[in-house]
Every structure is written in C-alpha cells, then in structure tokens.
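Number of protein chains: 2
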Amino acid sequence: MDFSSKLLENAVNEMSQLPGIGKRTALRLVLHLLKQPAQQTENLATAIQQMRELVNFCSNCHNISDTALCEICASQNRNAKIVCVVEDIRDVMAIEATSQYRGHYHVLGGKISPMDGIGPHDLTINSLIQKIEEGKIEELIFALSSTMEGDTTNFYIFKQIEGFNIITTTIARGISVGDELEYADEVTLGRSIVNRIPFENSLKNS
Amino acid sequence: MDFSSKLLENAVNEMSQLPGIGKRTALRLVLHLLKQPAQQTENLATAIQQMRELVNFCSNCHNISDTALCEICASQNRNAKIVCVVEDIRDVMAIEATSQYRGHYHVLGGKISPMDGIGPHDLTINSLIQKIEEGKIEELIFALSSTMEGDTTNFYIFKQIEGFNIITTTIARGISVGDELEYADEVTLGRSIVNRIPFENSLKNS
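In order, the protein sequences belong to chains A and B.
For this note's numbering, count along the first sequence from 1 and bump the result up by 1169.
For this note's numbering, count along the second sequence from 1 and bump the result up by 1169.
A portion of the hints provided could be inaccurate.
[What the hints assert, rightly or not] A few chain B residues that face chain A, going by a derived Cβ cut-off under 10 Å, partial list only:
id: 1; residue: Val-1181
id: 2; residue: Asp-1235
id: 3; residue: Cys-1239
id: 4; residue: Thr-1339
The hints are simulated quantities; they were obtained by calculation from the structure and are not laboratory data.
Just so it is clear, CB atoms sit at the ideal spot from N, CA and C, and this is done for glycine as well.
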C-alpha cells in the first residue's frame, strides 16, 4: 500500500502487528481514530502503555492482578486445596462466570508448544510443582483446551506430579447443554458415552 | 466481563471503542500485547499518538499528507484541471494503485449522512466550490460509493456547481472484469447495458 503520509503509514504498520488485524483493517481503525476527538487516541495510547508497564501478576496463581495477591487467592471463602490449571485470564473469567467453582486457579500463561518455541520453562509449571511439593494442594483440575498442545501440557504436568498423593481430574468433555446429538462431532459424542455419569448426578445443576 | 485488574479493564475498554472490535477481541489483542516485548506496546502507542497529533492535511485536496501540499498536488506531471471527488484516503490509494489516473483529487472526508449527523458543512465541499469558482477545474469526476449517502453527496455538489461551465462525470458502474453475467446483480447489469460504450473504447485498456 502506498501511503501519502509517513505518520499514517507508521501507525498502520504498528496496528497491523496485532493478531488478526491486517493492513486494510489497521488503516480503517487508524482513520477512525483520526475522525474522533484527539482525546480518544490519547486515552487508548495511555491505557495500553500503563497496562503494559504497570501490570502485575498474582504471586500465588500468576493471574493478572493489580495487587500482589489476586482477589481470588486473597479471599477467605475459597478452597486453596483445590487448584484449577488454566491457560490464561480468559479461562479464569469464563469459569468464574459460571459461579460453580470455589477453589483457586493456577494460570500457566500458555501451553507447551514446540512449534511456537514455548517449552515448560516458559510457563509457570515450576511454581505449580513447588506448591504441590509443599503439600498445599489436594486436587488438581486440568482445564486446558483439548488441543494437542493442551494435552501435551496436561500430560507433562501429570508426569511431574505422579509421585505425590493428590487427586487429578479434568473438566468433563461432552455434548453441550441444549445441543442436538445428530449434529455433535463423533469424538465428543464418543467421549460423552464412554465417560457417562450416574443419572442422579445430572440432576444436581438443573 | 469481570476483570481482575483495573489496568487491564481500562485497556480493553479503550481498545473496544474501535469499530468492529468487541470486548472479547479487545481482550485478545491486549493479552497479546502483554505477551510481546514492552517495546511493541510502546511503539504502537507512540505511533498512534504522533499520527493523531502531528497529522497534516493537504491544503489543496485535503488528503492526509506530511507536507503542506501532498505529493499528488505538488507534482508537475499531473493535470490539476481534472479533479476526482472521493470520500477518503483509501479511495485515493485505490485509484492510484490502478495507475490509470493522472489528475488531482478532492478528498471530502466523508459523505452527507443526516443519520450520522454529517451535513455538507462537515465536509470539504466549500473548498471544492471555491476552487470551481476560481476557474481552476475543467472536469469533475464523482467517485463516491453508490450508496444513498454517496448519491446524495454527488447530487448536492452537482446542484451547487450547476451554473459553472465544467464537465461533470462519474466513474463507470458495470460488471467487474472477469465476472460472469449470470451472477451479476440486476441493477448493475441493467446499468451496464444502458450505459454501454463503443466497442473500440473497450480495447484501450486491454
């Protein structure tokens, strides 16, 4: 693309570094900012700068938090002995939105992915193992996405903690509530039959 | 959404002000910035700030430009008597990419759209009329999108310059080169038959 302004070109190039945003979309966004009051651009720039510079991670669960210990880890009403292993803050938000979980989290910060150059030491696995070694955890719930990377990460952690006497579980995979069986994929439907649960249990949440 | 960090929430809120970017996409973008080196966020923030603060508009055609007069208006090789009326810089870039046009542009900065509160005085129509009054223009090419707003804007300008002795044209609407007739919409196909051109003319660009 041939821009008539270096400033514009620079802004478009930086904006198009974001994932899923190509040059055309970036240009649309930048031209939108130009049409809006200058204050909006100022606010956006300041917000992302401050976020990047001042952001904090909870010293216990590694979730994003403005305080040294996040609200969940600091809460007296949550069971610290149950820990749910998730990839990032979006998964914490999703599980929190269900109001069904009263334990702690452990945010890995990603999944083991050799293709992207992410190994176990780029994640917060060591600090999880340490918590387990200190006997702080009774149950570990794996809640990573069921991709190859997610499964690899689950298995890596599982192998590391084999010697310890803790319960390891994984969230149930199955047909979504409200979905028609005929449209479900075979793997999911297959798993939901193999891992069927006593009918009484299904009445608990309904 | 329930964020555990005010800084994060603020960044997501500002990011989601951009058109076509919802809260979820904004969160994805912001988390991406967090995973990248801090320099990337700094570069993005600086680029959009500088662009918004220092951006200049060509005093003649109102296109975005780093100099007082944009490259096109300053060029000796372009015909200043032919002026193509477009909405914004993206249209200039699209027409320039064809290498088929050697005249000047006039960037309106939008289209007349009462629904969005945009009237003739929010656009650069007055400066266009002034150029016409000064006898600087021989041909005016309307190249706005063929929406209701585009047609309204064309017609408004057309009415304003009725008294002047200039040629007004509009870019040809028709079936795209390479398209099958059977899949073309009726309006376009209809127009392309009504506005048919001598066969010899069609050989010029092929």
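Violations among the numbered hints, reported as their numbers in ascending order: The structure conflicts with hint 4 only, although it agrees with all the remaining ones.
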